[in-house]
Amino acid sequence: MTTYQVKQGVTTAASQQTNPCRAAEELAGALRHEHLGFVLFFCSAEYDLDALADALESSFPTTPLSGCTTAGEITPEGYDRGSIVAIGFDRRLFAIETALIDDLNHFELADAQPLVDTLLERCRQQAIAPINEHSFALTLLDGLSSREEQVLATLDAALGRIPSFGGSAGDDNHLSHTHVYTAGRFHTRAAVVVMINTRLPFEVFSTHHLIPLAHKLVVTEADREQRRVIELNGLPAAQVYAELVGVTPERLSAAVFAHHPLAVRIGGQHYVRSIQGVNNDGSLSFYCAVENGIVLTAMQPTPLLDDLKVMLAGVSTRLGTPSMIIGCDCFLRRMELEALQQLDQASQLLRLAGVVGFNTYGEQHHGMHVNQTFTGVAFGSLPANHKH
448 MTTYQVKQGV
458 TTAASQQTNP
468 CRAAEELAGA
478 LRHEHLGFVL
488 FFCSAEYDLD
498 ALADALESSF
508 PTTPLSGCTT
518 AGEITPEGYD
528 RGSIVAIGFD
538 RRLFAIETAL
548 IDDLNHFELA
558 DAQPLVDTLL
568 ERCRQQAIAP
578 INEHSFALTL
588 LDGLSSREEQ
598 VLATLDAALG
608 RIPSFGGSAG
618 DDNHLSHTHV
628 YTAGRFHTRA
638 AVVVMINTRL
648 PFEVFSTHHL
658 IPLAHKLVVT
668 EADREQRRVI
678 ELNGLPAAQV
688 YAELVGVTPE
698 RLSAAVFAHH
708 PLAVRIGGQH
718 YVRSIQGVNN
728 DGSLSFYCAV
738 ENGIVLTAMQ
748 PTPLLDDLKV
758 MLAGVSTRLG
768 TPSMIIGCDC
778 FLRRMELEAL
788 QQLDQASQLL
798 RLAGVVGFNT
808 YGEQHHGMHV
818 NQTFTGVAFG
828 SLPANHKH
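Heads up: the sequence shown begins at 448 in our numbering, then just goes up one per residue.
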């Protein structure tokens with residue numbers, strides 16, 4: 448079954464076909480038209496990815512595609528798994544250019560600046576809209592690369608005032624192989640930068656439903672490369688954290704981590720640093736960068752659905768009813784919704800707001816790598832009298 452919606456300048460579609468050829472054909476049937484300029488997709492890692500790459504290229508032979516694997520999809524119908532969701536962009540309203548970063552370990556400003564400048568120049572040549580006020584960057588990163596912070600900070604410096612957001616690719620919660628896609632194939636340990644220039648009004652946003660508590664934990668020993676905290680407040684990290692949340696270390700689990708996150712405070716804002724797992728030596732592995740000396744604040748969830756409603760209402764107030772929203776939604780939020788049996792209610796909210804996107808292993812917002820947020824871009828509409 449394919450679901451799809453056509454709004455101003457964008458068409459969204461999803462297929463639950465597990466056969467790559469059939470899935471690609473369904474998407475092409477929904478998205479292809481004479482003004483299709485670019486396709487962005489998010490797919491389950493359960494697909495045979497080589498076969499899916501071939502199928503997508505043959506179904507969209509003249510259209511550039513980019514995308515990534517997910518920890519769950521957000522389709523026009525709401526949350527899904529084992530599917531592929533895609534967005535087709537009309538070239539009369541969007542100029543879109545992409546670049547692959549295939550060496551995350553050595554990506555520096557000397558690489559980032561020409562990459563960004565080239566993308567902007569290619570968009571400028573299409574003469575869709577003024578570049579500086581009408582462009583943003585979407586970054587899709589290998590969610591298991593452990594290089595998000597360095598790459599994003601470097602890119603952000605090169606982007607200057609151009610807003611950016613994105614998500615880390617997932618693999619249906621297996622935490623073993625995540626992929627990004629561009630130029631005909633899937634890549635690991637890589638990132639795709641998608642520069643989008645558009646006539647449509649838009650807003651890049653990020654929200655979370657967590658409030659700080661009084662408890663502070665100081666990282667007194669960490670393995671920065673492995674994103675592992677060995678000691679908190681001078682004691683074994685898992686022991687200190689377990690005491691904080693009121694369980695024994697043996698009871699620590701993904702559900703506990705999702706419900707009791709930690710955050711680092713930077714410039715008056717709290718940026719969540721979610722725990723990935725507990726190790727045999729009593730250390731804690733994190734999804735985001737951690738290092739000696741940082742102070743972690745215990746965070747408490749407030750009702751997630753209420754925060755989502757407020758955020759979506761705010762976007763509508765500022766932009767008018769969005770024509771579409773691309774959402775990067777942390778897979779830990781989805782786990783929380785599932786635990787609270789609120790996934791259907793959240794799906795309804797997302798469906799009514801026109802959200803499509805994916806569940807991530809981390810979100811990106813203006814050069815910061817964070818967890819447990821809902822981050823994305825909302826597109827407004829042009830006035831009724833506007834001509835293509």
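No lab work stands behind these hints, which were simulated from the structure alone. A few of these clues could be false.
To be verified - Mimicking SDA-like on lysine to any residue, the simulated pairs with C-alpha atoms at most 25 Å apart in a straight line are:
hint : residue 1 : residue 2
1    : Lys-454   : Thr-565
2    : Lys-756   : Glu-783
3    : Lys-454   : Glu-472
4    : Lys-454   : Pro-610
Unchecked claim - Ranges between beta-carbon positions, derived for each pair:
hint : residue 1 : residue 2 : range
5    : Cys-468   : Glu-672   : 21 to 31 Å
6    : His-624   : Glu-672   : 34 to 44 Å
7    : Asp-495   : Lys-454   : 17 to 27 Å
8    : His-480   : Gly-714   : 24 to 34 Å
9    : Thr-565   : Arg-632   : 16 to 26 Å
10   : Leu-622   : Ser-505   : 30 to 40 Å
11   : Ser-505   : Arg-539   : 39 to 49 Å
12   : Ala-557   : Pro-511   : 25 to 35 Å
13   : Gln-686   : Ser-505   : 26 to 36 Å
Ideal placement from N, C-alpha and C gives every residue a C-beta, glycine not left out.
Comparing the hints with the structure gives:
1. Lys-454 <-> Thr-565: Violated - the C-alpha atoms of Thr-565 and Lys-454 are around 30 Å apart, more than 25 Å.
2. Lys-756 <-> Glu-783: holds, 16 Å
3. Lys-454 <-> Glu-472: holds, 21 Å
4. Lys-454 <-> Pro-610: Answer holds: Lys-454 to Pro-610 is near 23 Å, not above 25 Å.
5. Cys-468 <-> Glu-672: 21 to 31 Å: violated, 41 Å
6. His-624 <-> Glu-672: 34 to 44 Å: violated, 20 Å
7. Asp-495 <-> Lys-454: 17 to 27 Å: violated, 31 Å
8. His-480 <-> Gly-714: 24 to 34 Å: Given about 44 Å between the Cβ atoms, the range is violated.
9. Thr-565 <-> Arg-632: 16 to 26 Å: holds, 21 Å
10. Leu-622 <-> Ser-505: 30 to 40 Å: holds, 31 Å
11. Ser-505 <-> Arg-539: 39 to 49 Å: Hint violated: Cβ distance 25 Å, outside 39 to 49 Å.
12. Ala-557 <-> Pro-511: 25 to 35 Å: holds, 26 Å
13. Gln-686 <-> Ser-505: 26 to 36 Å: violated, 55 Å
Of the numbered hints listed earlier, those contradicted by the structure are 1, 5, 6, 7, 8, 11, 13.
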